[in-house]
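K.L.:
Going down the list, the protein sequences come from chains A and B. The first sequence begins at 1 in the working numbering and counts up by one. The second sequence begins at 1 in the working numbering and counts up by one.
What the hints contain is simulated information worked out from the structure, not anything from laboratory work. Hints are not guaranteed to be accurate.
[Said to hold, decoys possible] Pair by pair, the computed Cβ-Cβ distance ranges are: (1) B:Y162 to A:K200: 43 to 49 Å; (2) B:K176 to A:T181: 48 to 54 Å; (3) A:E222 to B:D66: 39 to 45 Å; (4) B:E111 to A:R62: 34 to 40 Å; (5) B:P85 to A:E167: 42 to 48 Å.
We put the CB at the ideal spot given by N, CA and C, even for glycine.
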Amino acid sequence: MKRLDNRKADEIRPITIKVGVVKQADGSAMVTMGKTTAIAAVYGPRTRYPKWLQESDKAVLRTYYTMVPFSTDERVRPGPSRRSQEISKVTRLALEPAIFLEEFPRATICVFIDVMEADAGTRTAGINAASMALGDAGVPMRDLVAAVAAGKIGDEYVLDLEGKEEEVTKCDMPVACMPRTNKITLLQMDGNLPPEDVKKVMNLALKGCKIIYEKQKEALREKWKIE
Amino acid sequence: MLIQKQYIVNLASKGERIDGRGSNDYRKIVIEKNPIRKAEGSARVKIGDTEVIAGVKMSVGQPFPDKPDEGVLIVGAEFSPLASPDFETGPPGEDAIELARVVDRGIRESEAIDMKKLCIEEGEKVWIINVDIQILNHAGNLIDASALAAIQALLCTKIPEYDGERVNYEKKGTQKLPINFRPVAVTITKIGENFFIDPSLEEEEVMGTKFVITSRDDGNICALQKSGSEALSVEEIEKALDIAIKKGNDLRGLLS
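Can you build the whole structure from these sequences, using the hints too?
P.N.:
Here it is, written out as structure tokens:
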């Protein structure tokens with residue numbers, strides 16, 4: 001099968017990762033996957049105010065996913081939408097297992113994700129960027145989190161759907177994992193498939209995460225290399 | 001409270017539960033059809049002490065430009081502060097939004113309703129189906145109860161009469177909604193190393209993670225949502241899918 005951009009079925013879109021793109025932030029990263037671009041910035045760990053919102057035994061992770069108004073064909077209205085609030089939640093749950101939050105009681109770690117250009121896979125690009133930004137900030141982590149979506153078009157299982165593909169896929173399944181232990185931290189799906197096919201799509205997405213993981217490590221090493 | 005939490009975790013490690021249920025048992029489920037006379041269709045679902053009502057209201061409006069010949073489905077959820085000491089007033093929070101969107105995806109992606117049959121005049125007028133979920137008591141596992149109430153309410157719905165100008169809400173309609181599939185959600189929680197379906201509120205408070213699987217009559221899966229923080233392995237997810245499909249069939253048996 002040939003895809004719109006001549007990719008193979010199990011090939012991810014061209015990915016570029018840059019860390020340290022927001023100088024003011026404690027950590028930041030920009031991830032571009034095909035025509036989707038997300039920037040993430042991390043502030044913290046820092047003391048959480050007001051005090052009654054603090055947790056005595058761990059840091060509170062807060063995530064904010066936003067699509068900027070000019071990121072899609074039709075302008076996105078600024079401010080939180082139902083979609084963005086749900087994605088903020090699943091992004092938080094995708095990152096939480098990777099962070100040693102228990103090392104920072106009473107603190108908060110804020111992760112802000114802005115999607116600058118959207119062509120499908122914005123939550124996964126956002127999670128990739130966020131995990132890199134956390135790494136860049138030096139937040140202690142069990143592993144990086146890598147994320148990508150997979151689907152099924154016709155009889156073919158396809159990795160990292162682009163916008164046009166997302167319109168015709170039988171299912172859209174964003175997956176995030178900690179690749180070192182292969183533990184899944186984000187799993188969503190909408191579509192309509194028998195369970196055997198769901199398992200195949202999931203395993204394809206996990207394969208994609210491994211590819212992205214290598215790129216993430218490369219980018220972090222690039223930033224910290226000694227001349 | 002801390003002692004009780006530890007007690008639940010200890011029991012869970014042996015595959016046991018605080019209320020004596022087996023790990024794959026639901027609490028007692030009671031479904032009441034059409035408790036709300038003003039709604040076009042409604043259903044009250046109780047799972048143990050958890051209680052929700054789903055109501056369907058229908059109106060005529062404009063279709064979405066990209067689907068000019070299809071009806072519109074809108075699912076909302078309200079966590080009323082009367083239902084739990086943890087619910088606050090104000091606009092829907094993260095959990096209410098997630099619940100509504102998971103139920104919405106289940107109905108939409110399973111192609112439960114034949115939306116093309118709800119077109120009145122292409123590009124101009126279609127039926128708009130509002131499914132609103134109201135939580136009456138939160139004792140755990142709101143998503144399964146809400147998804148069940150939503151599909152039962154849709155099954156009970158009678159399309160009101162429309163004369164081309166206004167909808168006659170006074171008289172009950174005669175025509176049912178064109179429903180092809182019945183999606184139901186099954187929530188699986190992981191406590192320690194074991195899986196438990198239908199978590200109670202106490203179990204939700206100690207769980208590591210939960211995972212919601214929506215399936216339809218033919219066994220196809222139409223929505224997934226990992227909705228807790230702990231990570232899961234591939235084997236665990238595959239096991240959860242198998243449990244959820246079996247249990248989904250049981251839940252569908254309760255619909256009428």
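K.L.:
Compare the structure with each hint and give your call.
P.N.:
Against the structure, the hints come out as follows:
no.	hint	in the structure
1	B:Y162 to A:K200: 43 to 49 Å	holds (45 Å)
2	B:K176 to A:T181: 48 to 54 Å	holds (50 Å)
3	A:E222 to B:D66: 39 to 45 Å	holds (42 Å)
4	B:E111 to A:R62: 34 to 40 Å	holds (37 Å)
5	B:P85 to A:E167: 42 to 48 Å	holds (44 Å)
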